[in-house]
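Q: Residue numbers (our numbering), protein chains in the order written: chain Z, 1 to 326; chain R, 1 to 291.
Treat the hints with care, as some may be off.
Examples of chain R residues lying across from chain Z (beta carbon under 7 Å, computed) [as the list claims (entries may be wrong)]: (1) R109; (2) I111; (3) V117; (4) G120; (5) F133; (6) W134; (7) L138; (8) T216; (9) A217; (10) L220; (11) F246; (12) A256; (13) L267; (14) L269.
Since the hints were made in silico from the structure, they are not lab data.
Backbone N, C-alpha and C define an ideal beta-carbon position, used for all residues, glycine too.
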Amino acid sequence: MTTHLKTRDGGPATRRSASRRSHGEGPFRFVSTAAGVVLLGIMAAIAVFLISEAIPALQANKGSFFTDLIWEPNSSGVFGIGALAFGTVLSSALALVIATPIAVGVALFISHYAPRRLAAPLGYLIDLLAAVPSVVYGLWGVAFLVPLLRTPSQWLNEHLGWFPLFAGEGAIGGKTMLAGAVVLAIMILPIIAAISREVFLQAPKMNEEAALALGATRWEMIRMAVLPFGRPGVISAAMLGLGRAMGETIAVALIFPATFDISFEILTPHANSIAANIANGFGEATEMGRGALIASGLVLFVITLLVNMGARMVINRRKEFARTGA
Amino acid sequence: MTGIQHISTSRRIKDKFVQGLVYLAFALAVVPLVSVLWLVISNGLARFDLDFLTHSMRGIGARDANGGAYHAIIGTLEQVLLASLISVPIGLFTAIYLVEYGRGGRLSRSISFFVDVMTGVPSVVAGLFVFAFWILFLGFEFSGWAGALALSILMMPTVVRSAEEMLRLVPGDLREASYALGVAKWRTIVKVVLPTAFTGIVTGVMLAVARVAGETAPLLMTVFFTNSINNDPFTGPQMGLPLFVFDQAGRPNDTAVDRAWAGALTLILIVMLLNLVARLIAWWRAPARGR
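Excised from the complex, chain R in its bound form:
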């Protein structure tokens, strides 16, 4: 027989069968995403209103239907901002060291390895560490700042990895052109390399912020709880939005559970918005890099 032979039926069936399985796997993975979003939106809208966003839980009785997450939103914003102020400089300089200075040395290899390992530190362990170090050992009180310390530990490795990736994408020609003009290495990094990689780094930082904004566990043992508004992250317990959701979800009343869903909706909106904007920045920048 000449020409191309037909594929035997059993092989074709097997091929189609696996194709079916692969499509099914993807469908299975999307189902929980849709289900989570649907449930959060449909349950969260019941209490998601101006009253919820502008009031705290101060003086709200166990069965009262009102009350809101204002104190928690303020807390989360301050904690995440402080965590970024700590982790972005450290993360960025570490990335600069890894890419520009440390090339392949023993120190840079061990830093690189432990940055990877650090991404796997459980968030609850980061919280326990800050509790053990900041509150037990150094004797400070529970505060938003302690929470920010814990969150910054979780942010750092993400910031380092994304910044490192972006710095490596900066073409060596650019650096060499700058050297050839007699510019010092550090000025080359500040004036040429960083501006070139800037949007990419911003994207990475925003994704890191989105990741830690939803962390609950480290806040439990650093920020503690409060029902009142505390604008000062450096003194006294604060609240965080994820913590608010956890707290309300654990209460037995339906009114509290409704608040938990509304809090979850607020949290998801913040996190998804950060994600979306970060991806849009990356996408908008992509053509320049893709050439």
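Pulled out of the complex, with its shape left as it was, chain Z reads as follows:
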């Protein structure tokens, strides 16, 4: 380390001597670092305390946590995550299937189709979708979307009933998996659209102009120069949306009818999810019941953590690639 430059306190060459020279530098740096470490500590603490408070209930469980479809920790003492985990995965996968194409369309609209002057305000309009509280979406879903979906659901069931998702007999429509998935789709659309938009805007202008100069139409230019560049970004955006959808609680707690079975019939009133079950069951839960809910929360935490870490790794790798490539 060369210190012959004699720069004053805090200069890049003498970062080490700065703490000796000025009061306050050491403590300030310590507080900053400590704040970051506290953040890491919180993440670790979430895992530790969820596990430690879930263990007693898991040990007292009279059934099998991973395979049972019953959730009766308050009465018979049997509870299993099977039906809830299935509902979480199915509802958020459906939401993703509905939201991603629309979100990519919205992102393309704002990045390449909308007039320049309008792009920013229109993007803000989409961001406002994310500002609406979850509980309000729940109210809206019950009061507006559920009745609205009844007729299309019956039509789908009548004409495409051979398709497993649209099958089912008896009550069609109402508080269904489909209604919950549509609300989830609306809630995750802004985040997918926002990230995709950023990625599409970063697509190399040179390639776009080259494609246009060769006579490509706007769609051909987008297909050749924008979409291939944006694909990893869109994939990780969709994964972040998936994580969001899995953890979304109150909206689906109001919509889902809280049944405990594994059913692919998204048009019949059979639906539940881990998060919805926690919100609906917490108030009346006994000590054992609360432990069981914490155990289910732990499962949710682990699933969303894996999905999010996967998405972030894709984004980070891309970022490094873009930096060295530029």
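Chain Z is fixed; fit chain R onto it per the hints.
A: Frame of chain Z, contents of chain R only:
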């Protein structure tokens, strides 16, 4: 044939078709926003009055038409304020560490990664964590403070990310000019970097506040329920506005559902107002940054 050839009909049709799809996607995305706002305003206005804003639910029978959200509004304001008091210092100092001190080290990379991962922690899990830690493990009672703890976990990553972005926008020249005058690094951060980034940080904090003000799930297992006014966030159950909406929406009477809509209207007004003011601050500041 010389000159520019015409684009073949099939290519042109395909181009127009995709353009139509893209416009349709945008229209589809705006429909729910308009529909939600319309429904909340039209249903919420029935009970949105002074009586609603100044009365609690204490002593209100199941079928009574009056009663209000005063206790819930007080609760939400206190919880959000406390959550900000916890998460803003931690978030801001973390951002300072990431930008000014940690440059690219292993610790800063892992903090940065987990801040991103933390944005994805489901709100209900944050609530369960505080319940498991604060109420079961440490043995405290349900309180507004416990709710604030849960909300602060959700706020922190948002505050870190926005503050970090703003600190990175501060030109390096400013820092170097300060160093050249012999100012210590920490005083440079406090006196030069933070004031420069101040409005941007305020915007980020307000957006984070708007985000957590509407959170219901973490309140369920930390704040619990009450129908009475509790001004003290540190003792006994409180209420929160989103929780009030959830509670009323789950009751079977029309009078309760009317209160839920009025509560939703109040909540949306608060959240949208925060959003709008935050964006206005950002927009008002933008020219200086855009040069």
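Q: Each hint should be assessed against the structure and marked as holding or not.
A: We went through each hint and held it up to the structure:
1. Taking 7 Å as the C-beta contact cut-off toward chain Z, the hint placing R109/R at the interface is violated, the least distance being around 9 Å.
2. A least Cβ separation of about 4 Å between I111/R and chain Z falls short of the 7 Å threshold, and the interface hint therefore holds.
3. Contact between V117/R and chain Z, as hinted, is supported at the beta carbon level, the nearest pair being about 5 Å apart and thus within 7 Å.
4. Evaluation of the G120/R hint against chain Z yields a held restraint, the C-beta minimum of about 4 Å falling below 7 Å.
5. Interface hint at F133/R: satisfied, since its Cβ lies 4 Å from the closest Cβ of chain Z, which is below the 7 Å cut-off.
6. Given the 7 Å rule on beta carbons, the hint for W134/R is violated: about 9 Å separates it from the nearest Cβ of chain Z.
7. Proximity of L138/R to chain Z is violated relative to the hint, the smallest CB-CB distance being about 10 Å (cut-off 7 Å).
8. Hint on T216/R holds. Least Cβ distance to chain Z is approximately 4 Å, under the 7 Å limit.
9. Checking A217/R against chain Z by beta carbon gives a least distance of about 4 Å; that is within 7 Å, so the hint holds.
10. Among the interface hints, the one on L220/R holds; its C-beta lies about 6 Å from the nearest C-beta in chain Z, closer than the 7 Å criterion.
11. Hint status for F246/R: holds, given a least beta-carbon distance of 5 Å to chain Z, under 7 Å.
12. Annotation: A256/R was flagged as interfacial toward chain Z, and the flag is violated, the nearest CB pair being 12 Å apart, outside 7 Å.
13. The interface hint given for L267/R is met, as the beta carbon of that residue sits about 6 Å from the closest beta carbon of chain Z, less than 7 Å.
14. Because the closest C-beta pair between L269/R and chain Z is about 11 Å apart, greater than 7 Å, the hint is violated.
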